[in-house]
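Protein chains: 2
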Amino acid sequence: MNALLADAIAIVSKDIDEAFEALLPVPRGPRAQLYEAMRHATMNGGKRMRPLLVMAASALFDVDRRCALRVATAIECIHVYSLIHDDMPCMDDDDLRRGKPTVHKLFDEATAVLAGDSLHAIAFEVLADAATHPKAEVRCALSLELARASGPAGMAGGQMMDLVAETTQFDLLTVTDLQALKTGALISFSVEAGAMLGEAGAVECAALARYARAIGLAFQIADDLLDVEGDPALAGKALQKDAAAGKATFLSLLGIDDARAEAQALVTQAIEDLSIFGDDADLLRAIAHYTLNRDR
Amino acid sequence: MNALLADAIAIVSKDIDEAFEALLPVPRGPRAQLYEAMRHATMNGGKRMRPLLVMAASALFDVDRRCALRVATAIECIHVYSLIHDDMPCMDDDDLRRGKPTVHKLFDEATAVLAGDSLHAIAFEVLADAATHPKAEVRCALSLELARASGPAGMAGGQMMDLVAETTQFDLLTVTDLQALKTGALISFSVEAGAMLGEAGAVECAALARYARAIGLAFQIADDLLDVEGDPALAGKALQKDAAAGKATFLSLLGIDDARAEAQALVTQAIEDLSIFGDDADLLRAIAHYTLNRDR
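Just so you know, the sequences run in chain order Y and E.
Position 276, counted from 1, in the first sequence is what the working numbering calls 1074; the numbers after and before it change by one each time, with no gaps.
Position 93, counted from 1, in the second sequence is what the working numbering calls 891; the numbers after and before it change by one each time, with no gaps.
None of the hints are false.
Chain E is faced by these chain Y residues, among others (derived, beta-carbon under 8 Å):
1) 829
2) 918
3) 922
4) 923
5) 935
6) 937
7) 942
Beta-carbon label-pair distances, calculated as ranges:
8) Y:891 - E:1076: 55 to 61 Å
9) Y:965 - E:1000: 52 to 58 Å
10) Y:965 - E:1042: 33 to 39 Å
11) Y:1059 - E:825: 31 to 37 Å
12) E:1078 - Y:906: 46 to 52 Å
13) E:1066 - Y:862: 48 to 54 Å
14) Y:929 - E:966: 35 to 41 Å
These aren't lab readings, by the way, just hints derived from the structure by calculation.
Beta carbons: idealized from backbone N, C-alpha and C, even for Gly.
With the hints as constraints, model all of the structure from the sequences given.
Structure representation (structure tokens):
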């Protein structure tokens, strides 16, 4: 990892932790456990990939860092709520997340449902607040696109497809669709949100959209590779679950070598898409490389 | 039920069913089940109490019916998502809702989680859309307040308290807090949303807020009474679960007679709060009476 990326990750990780600290003070009384569960899930040393993308994309347009950080926090709320629900026994049934017990293991399933639902609501509360952008039109556009990226035509739809994949053998096109929704939509929105905050022009938006789509797919292929070749201790979660379930993935359909070559081609394309931004996009370039070269 | 209310319920029920029909076309392919689950949960003859309140309150200010209906649909999305999640085995574990199988019984638990999450996202997608109100400031204010009413300081927080109530004996103040969050917050927002859409003045907003708080509490006491005295066939769900669980309710703390008197006093107060609106508020008055005189 280069120094530019390492610094940016360190800063955004600290900023996001502080944002959750401020957003989730534990109340006295019977709602305390709900907040403890949200704090456990949000402040556990995640990669903060989506916040990093928001900050890197919005920096291209000199967006106020405090505004960008609010949007980054909202997106991370959505990401974390999806992890909490996805880890539940009726979904992926995972006991560990980033090396720590999942919310339903540490608390119980009902608390996991409600902690996920609560973070979901908080995401839209944060976006709608005037502190997120001076223009209400921009805040509404952000809410609309986040809802689309996370709803049944986005992330939740991709998770539904992932459930169906357990009993149906998908082809490459359907697996690509699945991943474009399940993880791609929120990654794309993270980049797009930077452009929306900066009220970027059409050419810049289109370039960033292509970049985001490419790294989203590369990120997922890298996840598949990690699932097969990775170290569970470094990953902090159970691995090789897809293969055990007989689920079609990029890897099972393309083979390791072709999957790796495809991911590399996507990263190369993503970096070319950034050419119009010159040196200003060096952090986004470093992120593109990093999607392939990570150990968790 | 008077004719004014019966007509209004018939119209809003038809309008909301049509809104969900338009909002939830079933896509081909592996996401179909997600949409079928959402359609099953949203189009099953619910009381549409919250949409009715939005329509009745917004009519006081001559709000465009199409705008009001969009907000009513968004609120009903939130209400229905909460029912889907609340019915799950890890929460209330209910097999029947309005006389039909709950989502996790008809499909499975994973689909119930995702159908709830999807409706949650759709609510904010609907609110943020320009068709909901010409002014983005108003749309942002609606999103902000819906997120607060449904999140950890609102509905989801009330549900957390309800879980804690299974193992802790609450006093009357805490039960009142619980209900104010669990059902009161969304009922209050339904009335408030009408005022927000109509950009009502402070005096009108305050009167409607008092009205909403009173009928929300009366509604919940009536629910407790129905739980003890109601007919499961008419209610379309299992009854007397709170008593069986030994949970503190208005009824267990006040006794039937005092609870009924308290609910009656709340309805009387709610109707007095409407005096500044004259005859225009007759539908809201009829709704206040109806909170106590219903069989489901």
